[in-house]
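Undergrad: Below, each chain spelled out in residue letters.
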Amino acid sequence: MRVGWSSPRHSRLGETILRQAASSRTMGESILPRLARSLLLLWCGLGLWFSGERLLNPAVGWRPLEAEDRRGIVGLPLAESPSVSAIREVLARSDRGPGAWLIVYPPDIDEVSLAYVRSQLLHTEYPRLVEVITTAGRPRSAGYAGIITHPRVDFAGTAPALAEHRGFRSYPSIAR
Amino acid sequence: MTPALVFIAIAGVWLLGACTLALLDARGQGASGIVADWATGVVALAFLGISGIVMGAGVSMLGTYLVIAALGVACALSGSWRRLPDVTELSFPTRDRVAAATLALTVAVVVLILSSATHDRLWWDGWSIWAFKARVLLEEGSLPARFLDPSGPYVTANLDYPLAVPLLDWWVYRHIGEASPAAVSFIGAAWYALLPALAWSGLRPAVGARDAALAALGIAAFWPIAFYAAGGAADVVIAVALLGAALEVTRTVRVGGRAGVIRATAYLALAALSKNEGLALAIIAVPVFAGALLLRPSGERSLVRLGWLAVPPMLSAPWLLYVRSLSIGSPALSDVTGASDAVERASMLFLGLRVLFTSSPWIGASLIVVAGLWGLARSKNLYVLPGAALLALYISALCTVYVRSSADMLWLLTTAAPRVFGATVPALVCVSLLAIHGRTPSEPHSNRSTETDAVPV
Chain W
140 MRVGWSSPRH SRLGETILRQ AASSRTMGES ILPRLARSLL LLWCGLGLWF
190 SGERLLNPAV GWRPLEAEDR RGIVGLPLAE SPSVSAIREV LARSDRGPGA
240 WLIVYPPDID EVSLAYVRSQ LLHTEYPRLV EVITTAGRPR SAGYAGIITH
290 PRVDFAGTAP ALAEHRGFRS YPSIAR
Chain A
561 MTPALVFIAI AGVWLLGACT LALLDARGQG ASGIVADWAT GVVALAFLGI
611 SGIVMGAGVS MLGTYLVIAA LGVACALSGS WRRLPDVTEL SFPTRDRVAA
661 ATLALTVAVV VLILSSATHD RLWWDGWSIW AFKARVLLEE GSLPARFLDP
711 SGPYVTANLD YPLAVPLLDW WVYRHIGEAS PAAVSFIGAA WYALLPALAW
761 SGLRPAVGAR DAALAALGIA AFWPIAFYAA GGAADVVIAV ALLGAALEVT
811 RTVRVGGRAG VIRATAYLAL AALSKNEGLA LAIIAVPVFA GALLLRPSGE
861 RSLVRLGWLA VPPMLSAPWL LYVRSLSIGS PALSDVTGAS DAVERASMLF
911 LGLRVLFTSS PWIGASLIVV AGLWGLARSK NLYVLPGAAL LALYISALCT
961 VYVRSSADML WLLTTAAPRV FGATVPALVC VSLLAIHGRT PSEPHSNRST
1011 ETDAVPV
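Protein chains in written order, with our numbering: chain W, 140 to 315; chain A, 561 to 1017.
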């Protein structure tokens, strides 16, 4: 029995190797599309898992609209959203016409929450202008139809409150 | 929100775009043709609305319907409707069950996101910028001076931004008769639904049904786009415009035709009228298209078509001049950092983007882009180069703005980067797949769409 490269079995093996070597360029070219398909599958799998997880999150996907004004903050658990509802309720109860209102918060509220309250009220109350500042800030206008204070802002000594809801109180117009 | 009225509003915009493109003899094939109709309709609606606001006449639903009727009559008289596009690409690939099942899953994901959006998924920017402007347009019939006062209380609504998105939202509000946030959320999700359709239709002829269907599914399941789209943010519009423009420039180089340049112009105009970075995209596209058209054998005739690329900046000009006359600046560009800060910010941006692009929902797309770069480097076909150049230049422009802006980099990376860079992902993936398949001997596939002056590249 002959052994080595000259044997028929090894000859066939050699031919196969040579054929594969000759077609290596073609093989190389076919690797990339296969790799791309594998990566597409990976991307789809990750995307479906990631999206599914978030869609099932009640704060993002299928949360029914709540009574609180949480519009515009899907996925952002801001603590101040109930206060927007309270301010809107006080505004509705105060009924002082279409004039501008000043909302005063304590100075220690974080900027993001303040910006959130401001953007919510500018939108929901339009065309009525609602300006939101802290006690450390300065009002933009010279006069307002009324003022609403945060529960932690003390306005003792001014006129009696027009309305109150969850600690937010409204007072008649002020002028600088 | 009344679904029938929302449907009428959407159909009106589509008809506006379809008539415009039909008159220009530039309507496209299949799903990508319908997306191009829609994009053109939004551009036309935006231009009409901006013109009305700038001239003091305000926005008018009746006036817009009169324009649609006039265009429809012009189409009928000119016989443009006789050249209706082939919509066979809309059908499911019944011969390839894997691709059909993948597309069915894509549709299921899109329907889930759309139905979630009907519950009002508005995110911060969608609520406080776009939906707010749409509400002002509904209440006032225009954007009044007290709203556009750069020192007034409404400055947080980014007054300088172009108006395509709020005007589309206003159009829907006007039809349903109320400022419904759920409608804005749904329209945002509808933009997102166009992306997989565009990817499927644009990729299928070149990469085959299975990979095109997988790309459509990957885009549909890419959460950063789905979330912010239902959130009402305008970045999804940029994603549609970027993908549409990249596919059209690639197609134009491959098969030629004036229609592709016109549709690309529509996508670029959509970008320019939607966000400030979209205007940058429209300007970047000029040298890219010039280079792309020079790759065509009929170079000198193609260069005449470059004139179409002047249209997006021209359509943007009235709004840009108007906000300048009101002294409204762009907060992102008003203050620029010095050179020393820029180096530090560039390294922060690089680190931030590295974290972003290697995180869970992004990593698959990032690897596809790496494979696409490999394919591009070894590609014998040059037709993918313009699309790749468009994306590279656009991303470079975004990075430049991030580096030179004086805004806090950490804030930019956490609040804006996922939206802004996420909008580039569908186009990056699709161009990468074209680059990968561009070097396979079997490409192009037999069902490639054709145009009259098709010339192999």
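Just so you know, the hints here were simulated from the structure itself, not pulled from any lab data. These numbers come from a predicted model, not from an experiment. A couple of the hints might just be wrong.
To be verified - Here are some, though not all, of the chain W residues that point toward chain A, as calculated from beta-carbon distances under 10 Å:
1) Leu178
2) Ser258
3) Gly276
4) Arg277
5) Ala281
Backbone N, C-alpha and C define an ideal beta-carbon position, used for all residues, glycine too.
Undergrad: None of the hints should be skipped; say for each whether it holds.
TA: Now the hints, each set against the structure:
Contact between leucine 178 of chain W and chain A, as hinted, is supported at the beta carbon level, the nearest pair being about 5 Å apart and thus within 10 Å. Hint status for serine 258 of chain W: holds, given a least beta-carbon distance of 4 Å to chain A, under 10 Å. The beta carbon of glycine 276 of chain W comes no nearer than 13 Å to any beta carbon in chain A, farther than 10 Å, and the hint placing it at the interface is violated. Taking 10 Å as the C-beta cut-off, the interface hint given for arginine 277 of chain W is violated, the closest approach to chain A being about 13 Å.
Nearest Cβ of chain A to the Cβ of alanine 281 of chain W: about 14 Å, over the 10 Å cut. The hint is violated.
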